[in-house]
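Peer 1: Residue strings, one per chain:
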Amino acid sequence: KAGVTQTPRYLIKTRGQQVTLSCSPISGHRSVSWYQQTPGQGLQFLFEYFSETQRNKGNFPGRFSGRQFSNSRSEMNVSTLELGDSALYLCASSSDPGTGGGYTFGSGTRLTVV
Amino acid sequence: QQQVKQSPQSLIVQKGGISIINCAYENTAFDYFPWYQQFPGKGPALLIAIRPDVSEKKEGRFTISFNKSAKQFSLHIMDSQPGDSATYFCAASKRSGGSYIPTFGRGTSLIVHP
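Residue numbers (this note's numbering), protein chains in the order written: chain X, 1 to 114; chain U, 1 to 114.
Just chain X, with the same shape it has in the complex (with noise of 0.2 Å):
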């Protein structure tokens, strides 16, 4: 079974440009969620999808959204890009969110902000 898939891997972008990320959950998980990983803040949660609906969000500027389409695949967006957006950008995804567990996470991509 293939777990969760983040493209791309890694990627350079200048200040003021936009990025988009992309993630693809395993297959028949409907829930996806995204985490920012810095070592100055951590694990902070970003948004969660699930069925196409943001059911979840947290405390991260307007800068940051998503969407999430008909074949459970998501994408992240931050527009405007700052130094400080530069982290590990990780997606997981879950087959039943409201029992509490089984998050997969995939293995992220590394955002630089130059």
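What the hints contain is simulated information worked out from the structure, not anything from laboratory work.
Ideal placement from N, C-alpha and C gives every residue a C-beta, glycine not left out.
Certain hints may be false.
[What the hints assert, rightly or not] So these bits of chain X aren't anywhere near chain U, every CB distance computed over 12 Å:
| id | residue |
| --- | --- |
| 1 | A2 |
| 2 | T14 |
| 3 | Q18 |
| 4 | S22 |
| 5 | G28 |
| 6 | E52 |
| 7 | L83 |
| 8 | G84 |
| 9 | T112 |
| 10 | V114 |
[Stated by the list, open to error] Part of the chain X face toward chain U, derived, beta carbon under 10 Å:
| id | residue |
| --- | --- |
| 11 | G3 |
| 12 | V4 |
| 13 | S31 |
| 14 | Y35 |
| 15 | Q44 |
| 16 | F45 |
| 17 | E48 |
| 18 | R55 |
| 19 | G98 |
| 20 | T99 |
| 21 | G102 |
| 22 | Y103 |
| 23 | S107 |
| 24 | G108 |
[To be verified] Simulated crosslink set (SDA-like; lysine to any residue; CA at most 25 Å straight-line):
| id | chain 1 | residue 1 | chain 2 | residue 2 |
| --- | --- | --- | --- | --- |
| 25 | X | K57 | U | T28 |
| 26 | U | K94 | X | G102 |
| 27 | U | K5 | U | R95 |
| 28 | U | K94 | X | G62 |
| 29 | U | K15 | U | P82 |
| 30 | U | K94 | X | Q54 |
| 31 | X | K57 | U | G97 |
Put chain U on the given structure of chain X with help from the hints.
Peer 2: Okay, now just chain U, sitting in the frame of chain X:
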């Protein structure tokens, strides 16, 4: 405001020893407590989890101890092995919009010397 406090930040243990990582939370709405293990270049992987209606859960060499009144929980790794060297994250989850959303601790870097 750090909702989940994790300690120590780093831990060095000899092979065969016991590794202990502690976490504390404040929000009593949390009712699911998973631990994740992360190796370099990989996303976090669910290791073991507990609900507050039990005080201890054991899976192989990994044990979670939970103290509901003190709002503390800990991970014990018995007979620690070099392959256990990784970063460990505790999390506290609460239901929101039909999903459990985890709040992570800052992580503990564990090194097990052979």
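Peer 1: Each hint needs a verdict: does it hold in this structure or not?
Peer 2: For each hint, the structure was consulted:
At roughly 14 Å from the closest C-beta of chain U, the C-beta of A2(X) stays outside 12 Å, upholding its exclusion from the interface. Non-interface call for T14(X) relative to chain U: holds, since the shortest CB-CB distance, roughly 25 Å, exceeds 12 Å. Every Cβ of chain U is farther than 12 Å from the Cβ of Q18(X); the closest lies at roughly 24 Å, confirming the non-interface assignment. The Cβ of S22(X) lies farther than 12 Å from every Cβ of chain U, with a closest approach of about 15 Å, so its non-interface assignment holds.
Chain U leaves G28(X) outside its interface by the beta-carbon criterion, the shortest separation being 16 Å against a cut-off of 12 Å. Every CB of chain U is more than 12 Å from the CB of E52(X) (nearest about 14 Å), matching its label as outside the interface. Consistency note on L83(X): stated as away from chain U, and its beta-carbon is indeed over 12 Å from all of that chain's, at 22 Å minimum. Residue placement check: G84(X) keeps its beta carbon more than 12 Å from all beta carbons of chain U (closest about 18 Å).
Distance to chain U confirms T112(X) as a non-interface residue, since its nearest Cβ pair spans about 15 Å, more than 12 Å. Every CB of chain U lies more than 12 Å from the CB of V114(X), the least distance being 21 Å, so the non-interface label holds. Of the supplied interface hints, the one on G3(X) holds, with its beta-carbon coming within about 9 Å of a beta-carbon of chain U, less than 10 Å. A distance limit of 10 Å between C-beta atoms decides the matter here; for V4(X) the minimum to chain U is near 7 Å, and the interface restraint holds.
The closest approach between the C-beta of S31(X) and any C-beta of chain U is roughly 6 Å, which is under the 10 Å cut-off, so the hint is satisfied. Restraint check, Y35(X) versus chain U: the minimum CB separation of about 8 Å is within 10 Å; hint holds. Look at Q44(X): its Cβ gets to within about 8 Å of chain U, closer than 10 Å, so that hint holds up. The interface hint given for F45(X) holds, since its Cβ lies 6 Å from the closest Cβ of chain U, which is under the 10 Å cut-off.
A distance limit of 10 Å between C-beta atoms decides the matter here; for E48(X) the minimum to chain U is near 6 Å, and the interface restraint holds. For the restraint placing R55(X) at the interface with chain U, the shortest Cβ-Cβ distance is roughly 4 Å, inside the 10 Å limit, so the hint holds. The beta carbon of G98(X) is positioned within 10 Å of a beta carbon in chain U (closest approach about 5 Å), and the interface hint is therefore held. Because the beta carbon of T99(X) sits about 7 Å from the nearest beta carbon in chain U, less than 10 Å, this interface hint is met.
With a cut of 10 Å, the hint placing G102(X) at the interface with chain U holds, because the nearest CB-to-CB distance is about 8 Å. With a least beta-carbon distance of about 6 Å to chain U, the hint placing Y103(X) at the interface is held under the 10 Å criterion. Using the Cβ-Cβ criterion of 10 Å, the hint placing S107(X) at the interface with chain U is satisfied: the shortest such distance is roughly 5 Å. Contact between G108(X) and chain U, as hinted, is supported at the beta carbon level, the nearest pair being about 6 Å apart and thus within 10 Å.
Between the alpha carbons of K57(X) and T28(U) the distance comes to roughly 20 Å, so the proposed pair stays at or under 25 Å and holds. A C-alpha spacing of about 14 Å is found between K94(U) and G102(X), which places the hinted pair at or below 25 Å, so the restraint holds. Of the pairs offered as hints, the one joining K5(U) and R95(U) holds, with about 20 Å between alpha carbons and a cut-off of 25 Å not exceeded. Our distance criterion of 25 Å between C-alpha atoms is met by K94(U) and G62(X), whose separation comes to about 24 Å.
At roughly 7 Å between alpha-carbon atoms, K15(U) and P82(U) fall within 25 Å of each other, so this suggested pair holds. Annotation: proposed proximity of K94(U) to Q54(X) holds, straight-line Cα distance about 17 Å (limit 25 Å). Under the criterion of a C-alpha separation no larger than 25 Å, the hint pairing K57(X) with G97(U) is consistent with the structure, at around 10 Å.
Every hint from the earlier list agrees with this structure, and none is contradicted.
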